[in-house]
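Chemist: If you're matching them up, the sequences are chains A and B in order.
For the first sequence, our numbering assigns the number 609 to the last residue and increments by one with no breaks.
For the second sequence, our numbering assigns the number 162 to the last residue and increments by one with no breaks.
Just so you know, these hints were derived from the structure itself, not from any lab.
A quick note: this is a predicted structure, and the numbers were derived from the prediction, not measured.
Each hint should be verified, as a subset may be incorrect.
Said to hold, decoys possible - Derived lysine to any residue pairs resembling SDA-like cross-links, with alpha carbons at most 20 Å apart:
no., chain 1, residue 1, chain 2, residue 2
1, B, K113, A, A460
2, A, K34, A, T116
3, A, K71, B, K149
4, B, K154, A, S186
5, A, K23, B, G148
6, A, K465, B, K122
7, A, K145, A, G166
8, A, K252, B, I158
9, A, K569, B, I158
10, B, K154, A, K34
11, A, K569, B, K144
12, A, K602, B, H26
13, A, K465, B, Y67
14, B, K74, A, T188
15, B, K74, A, C591
16, B, K122, B, Y67
17, B, K154, A, D492
18, A, K394, A, E425
19, A, K71, B, N145
20, B, K144, A, D573
21, A, K593, B, P48
What the hints assert, rightly or not - A few chain B residues facing chain A, derived, Cβ under 8 Å:
no., residue
22, P27
23, K28
24, S31
25, L38
26, Y45
27, F72
28, E104
29, S111
30, K113
31, G148
32, P151
Heads up, the beta-carbon is just placed ideally off N, CA and C, and yes, glycines get one too.
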Amino acid sequence: MAYRTYLMVCAGTGCVANQSMKIKDKLESEIRKRGLQDEVSVVTTGCNGFCAVGPLMVVQPDGIFYQLLKETDIPFLVEEHFVKGRLVKELLYTPPREKAPIPKMSDIPFFADQTLIVLRNRGLINPENIDEYIARGGYQALAKVLTLMTPDQVIQEIKASGLRGRGGGGFPTGIKWETCKNVPSDTHYVICNADEGDPGAFMDRSTIESDPHAVIEGMLIGAYAIGSREGYVYIRNEYPIALERLQVAIKQAREYGLLGQKIFNKDFDFEIRIVRGAGAFVCGESTALMASIEGRPGEPRAKYVHTVERGLWDKPTCLNNVETWANVPQIIEKGAGWFSSIGTGDVTSDAWGGSKGTKVFSLAGKVNNTGLIEVPMGITLRKIIFDIGGGIKDGKKFKAVQTGGPSGGFIPESLLDLPVDYEELTKVGSMMGSGGMVVADENNCMVDMAKYFLAFTQAESCGKCVPCREGTKRMLDILEKITVGKGTEEDLVLLEELSNMVVESSLCALGGSAPNPVLTTLKYFREEYEAHVKDKHCPGHSCRELIQYIIDPELCLGKGHGCHVCAKNCPDGAIVGETKQVHTIDVMKCGKCGICYDVCKFDAIHIE
Amino acid sequence: MDAQAVETILQNHPKDPSSIIQVLLDIQNELYYLPREVLEHVSKSLNVPLSRTYSLATFYKAFSLKPKGKYPIAVCTGTACHVQGAVRILEQIERELSIKEGETTPDKKFSVETVRCLGCCGLAPVVTVGKNLHGKVPMAKVSKILKQY
Ligand SMILES: Cc1cc2nc3c(=O)[nH]c(=O)nc-3n(C[C@H](O)[C@H](O)[C@H](O)COP(=O)(O)O)c2cc1C
Ligand code: FES
Numbered sequence: 002m003a004y005r006t007y008l009m010v011c012a013g014t015g016c017v018a019n020q021s022m023k024i025k026d027k028l029e030s031e032i033r034k035r036g037l038q039d040e041v042s043v044v045t046t047g048c049n050g051f052c053a054v055g056p057l058m059v060v061q062p063d064g065i066f067y068q069l070l071k072e073t074d075i076p077f078l079v080e081e082h083f084v085k086g087r088l089v090k091e092l093l094y095t096p097p098r099e100k101a102p103i104p105k106m107s108d109i110p111f112f113a114d115q116t117l118i119v120l121r122n123r124g125l126i127n128p129e130n131i132d133e134y135i136a137r138g139g140y141q142a143l144a145k146v147l148t149l150m151t152p153d154q155v156i157q158e159i160k161a162s163g164l165r166g167r168g169g170g171g172f173p174t175g176i177k178w179e180t181c182k183n184v185p186s187d188t189h190y191v192i193c194n195a196d197e198g199d200p201g202a203f204m205d206r207s208t209i210e211s212d213p214h215a216v217i218e219g220m221l222i223g224a225y226a227i228g229s230r231e232g233y234v235y236i237r238n239e240y241p242i243a244l245e246r247l248q249v250a251i252k253q254a255r256e257y258g259l260l261g262q263k264i265f266n267k268d269f270d271f272e273i274r275i276v277r278g279a280g281a282f283v284c285g286e287s288t289a290l291m292a293s294i295e296g297r298p299g300e301p302r303a304k305y306v307h308t309v310e311r312g313l314w315d316k317p318t319c320l321n322n323v324e325t326w327a328n329v330p331q332i333i334e335k336g337a338g339w340f341s342s343i344g345t346g347d348v349t350s351d352a353w354g355g356s357k358g359t360k361v362f363s364l365a366g367k368v369n370n371t372g373l374i375e376v377p378m379g380i381t382l383r384k385i386i387f388d389i390g391g392g393i394k395d396g397k398k399f400k401a402v403q404t405g406g407p408s409g410g411f412i413p414e415s416l417l418d419l420p421v422d423y424e425e426l427t428k429v430g431s432m433m434g435s436g437g438m439v440v441a442d443e444n445n446c447m448v449d450m451a452k453y454f455l456a457f458t459q460a461e462s463c464g465k466c467v468p469c470r471e472g473t474k475r476m477l478d479i480l481e482k483i484t485v486g487k488g489t490e491e492d493l494v495l496l497e498e499l500s501n502m503v504v505e506s507s508l509c510a511l512g513g514s515a516p517n518p519v520l521t522t523l524k525y526f527r528e529e530y531e532a533h534v535k536d537k538h539c540p541g542h543s544c545r546e547l548i549q550y551i552i553d554p555e556l557c558l559g560k561g562h563g564c565h566v567c568a569k570n571c572p573d574g575a576i577v578g579e580t581k582q583v584h585t586i587d588v589m590k591c592g593k594c595g596i597c598y599d600v601c602k603f604d605a606i607h608i609e
Numbered sequence: 014m015d016a017q018a019v020e021t022i023l024q025n026h027p028k029d030p031s032s033i034i035q036v037l038l039d040i041q042n043e044l045y046y047l048p049r050e051v052l053e054h055v056s057k058s059l060n061v062p063l064s065r066t067y068s069l070a071t072f073y074k075a076f077s078l079k080p081k082g083k084y085p086i087a088v089c090t091g092t093a094c095h096v097q098g099a100v101r102i103l104e105q106i107e108r109e110l111s112i113k114e115g116e117t118t119p120d121k122k123f124s125v126e127t128v129r130c131l132g133c134c135g136l137a138p139v140v141t142v143g144k145n146l147h148g149k150v151p152m153a154k155v156s157k158i159l160k161q162y
């Protein structure tokens with residue numbers, strides 16, 4: 002049955018956490034109450050991307066975007082929009098510092114500057130229904146390769162497109178496929194890396210949650226090209242919704258004969274198995290991942306022999322990231338020429354000569370518009386942060402953007418016009434990474450941020466090789482010393498030396514890239530390190546041992562009338578003063594937890 | 014011990030050493046920890062040396078050898094949550110419950126752990142209690158949230 006209107010309610014993890022399922026139920030009951038159930042249909046979709054303003058919904062086919070919904074808004078919304086035909090202004094999106102709302106999703110800057118390839122179906126289909134994927138042209142690329150193309154032609158097409166791995170390293174995908182295919186063996190494996198270990202990123206999860214069949218179709222095409230009959234998806238255990246959608250999708254594909262034997266009645270069999278990770282960052286690394294699938298601890302091995310030659314169970318294995326696989330059907334359908342027309346450089350003679358297509362990033366931290374974005378390669382960081390991201394929260398000043406997660410680095414304001422491109426990002430000491438992008442403002446301490454990432458990699462180091470196990474530990478000790486105000490200038494020299502040693506001598510890329518956050522902050526924010534070391538001062542006002550909380554007596558009494566809320570909340574009993582009097586903090590007792598700063602409604606508490 | 018539950022889980026997977034991580038994951042999800050007898054039993058059934066099983070159970074962060082509380086609390090310390098003050102939220106929870114990260118309250122009601130990115134960074138800082146997710150948690154609301162349980 003065709004409906005007049007579809008309400009696409011976002012059911013990504015962020016919106017679900019914000020009670021979007023209750024919004025959906027309420028919409029359905031209000032629509033039924035008004036007898037509109039044959040005209041208006043409520044659909045749940047994967048992550049829409051604009052997580053900052055969830056729970057949200059889009060009214061199709063008009064593309065009207067409603068945001069920050071509450072259950073109590075729904076009766077009025079349904080009455081106004083669907084009975085009286087009027088937009089509800091209060092629930093439309095209004096850009097920060099502007100007055101006029103923007104009703105149409107496509108006109109909102111957050112969406113207008115994006116280019117969707119991998120996420121083309123996001124918010125448009127129900128990911129748990131294979132028919133909707135097929136209705137949007139799904140599995141046509143598979144049909145095309147199976148009926149019209151030889152495996153070699155498929156590989157040539159992927160090579161010509163310039164597609165490079167989206168999991169971090171940026172290895173040219175077509176070359177990887179070709180090398181794997183050319184290794185003689187009775188069995189070849191293909192694997193999808195959905196481990197997504199970067200602790201501030203959720204691109205792969207959202208891709209699977211909003212369009213799982215795109216990944217499956219990509220793997221099928223890759224398997225055909227390489228000559229593989231068996232594939233694995235290695236997925237994080239922490240992603241229950243993605244796991245479930247993938248299971249549903251695989252089951253449906255099997256029922257439709259798109260997985261199994263004699264696919265499209267051709268001499269092509271393929272099966273996909275799901276293996277869950279068990280919470281180890283290092284398992285994103287190719288050899289560790291394969292060890293984990295085999296039921297062993299995820300410790301990497303030295304890659305004298307590459308996994309395309311001897312990988313899983315010692316057979317030639319082609320491992321690609323979720324986003325890499327999801328690009329494949331679109332390249333086959335629209336052609337390598339179309340794909341390579343997007344992005345930077347030239348890949349016709351040199352596969353490493355450019356960055357083609359789009360990249361998905363999860364934009365988080367101190368920007369107004371946090372969420373999931375897909376942008377053409379070559380776009381500048383400034384455009385991402387200030388146009389799509391809507392600038393810095395609360396009118397604060399931008400300090401740095403971190404790309405590449407724990408393996409990447411911090412990029413300062415002076416480099417914001419850098420185009421997003423594998424080589425350009427590497428040149429400045431960071432990397433493309435899998436797509437985490439976290440923005441820091443003036444209140445973030447760069448030494449603390451470097452320490453944060455290093456603490457992460459140090460804890461996740463598998464312990465097999467000494468430089469990574471011991472080196473990161475010693476580096477962390479030094480950073481700890483600096484943040485508590487006990488660092489010396491020699492420590493900075495030692496830190497840099499140790500960093501370079503760990504980079505050069507670690508067994509795998511975990512250790513090889515772990516010092517990047519430290520090296521880039523030392524390079525671009527050295528004055529912050531020096532302030533900690535020489536002046537025992539934290540410019541970001543965040544290192545606990547180097548700050549003090551102070552109450553401004555005028556604001557406390559003048560504006561707050563000595564409201565006493567801080568004293569009530571203080572766990573250390575460090576705030577003295579009676580209601581209607583000036584309050585003060587006893588620095589000897591103060592544990593610097595910061596709760597007083599949070600609860601004071603009159604901004605009377607300062608950090609010095 | 015829930016011998017029956019463990020048996021069912023074992024039957025859901027191929028009887029092969031390579032299944033061990035998947036089996037342990039299912040057991041962890043069911044019992045919230047891996048008791049010693051269960052590790053021994055699984056080792057025998059899948060023909061994996063106990064030393065290897067133990068090494069897996071301690072290598073991977075998803076596994077716990079100690080029982081967790083009825084409501085396991087997970088504080089996200091992913092990057093986005095970190096820049097929004099996740100550490101202070103964690104400390105506040107530790108103070109409220111008088112336990113440290115990795116510990117369980119004496120009444121076995123709560124246990125506290127940290128996780129890396131729950132994938133809703135837009136809601137940072139994020140805390141999950143049991144199956145419920147709390148976003149944009151202000152420090153001052155921590156005790157109120159805990160009182161709901
Ligand atoms: C410590 C470490 C963690 C990694 N984590 C991931 C990950 O979470 N997801 C991913 O796709 N690749 C990850 N990689 C990269 C993979 O080893 C591999 O290069 C990639 O999956 C290949 O796919 P691609 O060519 O499509 O990018 C990681 C590498 C290292 C060294
Ligand atoms: S960093 Fe906490 S949800 Fe992503």
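Chemist: For each hint, tell me whether it holds in the structure or not.
Modeler: A quick look at each hint next to the structure:
no.: 1; hint: K113(B) / A460(A); verdict: holds (18 Å)
no.: 2; hint: K34(A) / T116(A); verdict: violated (39 Å)
no.: 3; hint: K71(A) / K149(B); verdict: holds (16 Å)
no.: 4; hint: K154(B) / S186(A); verdict: violated (60 Å)
no.: 5; hint: K23(A) / G148(B); verdict: holds (16 Å)
no.: 6; hint: K465(A) / K122(B); verdict: violated (37 Å)
no.: 7; hint: K145(A) / G166(A); verdict: violated (23 Å)
no.: 8; hint: K252(A) / I158(B); verdict: violated (39 Å)
no.: 9; hint: K569(A) / I158(B); verdict: holds (18 Å)
no.: 10; hint: K154(B) / K34(A); verdict: violated (37 Å)
no.: 11; hint: K569(A) / K144(B); verdict: violated (31 Å)
no.: 12; hint: K602(A) / H26(B); verdict: violated (56 Å)
no.: 13; hint: K465(A) / Y67(B); verdict: holds (17 Å)
no.: 14; hint: K74(B) / T188(A); verdict: violated (32 Å)
no.: 15; hint: K74(B) / C591(A); verdict: violated (34 Å)
no.: 16; hint: K122(B) / Y67(B); verdict: violated (27 Å)
no.: 17; hint: K154(B) / D492(A); verdict: violated (40 Å)
no.: 18; hint: K394(A) / E425(A); verdict: violated (27 Å)
no.: 19; hint: K71(A) / N145(B); verdict: holds (18 Å)
no.: 20; hint: K144(B) / D573(A); verdict: violated (31 Å)
no.: 21; hint: K593(A) / P48(B); verdict: violated (39 Å)
no.: 22; hint: P27; verdict: violated (10 Å)
no.: 23; hint: K28; verdict: violated (12 Å)
no.: 24; hint: S31; verdict: holds (4 Å)
no.: 25; hint: L38; verdict: holds (6 Å)
no.: 26; hint: Y45; verdict: violated (14 Å)
no.: 27; hint: F72; verdict: holds (4 Å)
no.: 28; hint: E104; verdict: holds (6 Å)
no.: 29; hint: S111; verdict: violated (11 Å)
no.: 30; hint: K113; verdict: violated (15 Å)
no.: 31; hint: G148; verdict: holds (6 Å)
no.: 32; hint: P151; verdict: holds (6 Å)
Hint violations for this structure: numbers 2, 4, 6, 7, 8, 10, 11, 12, 14, 15, 16, 17, 18, 20, 21, 22, 23, 26, 29, 30, all remaining hints satisfied.
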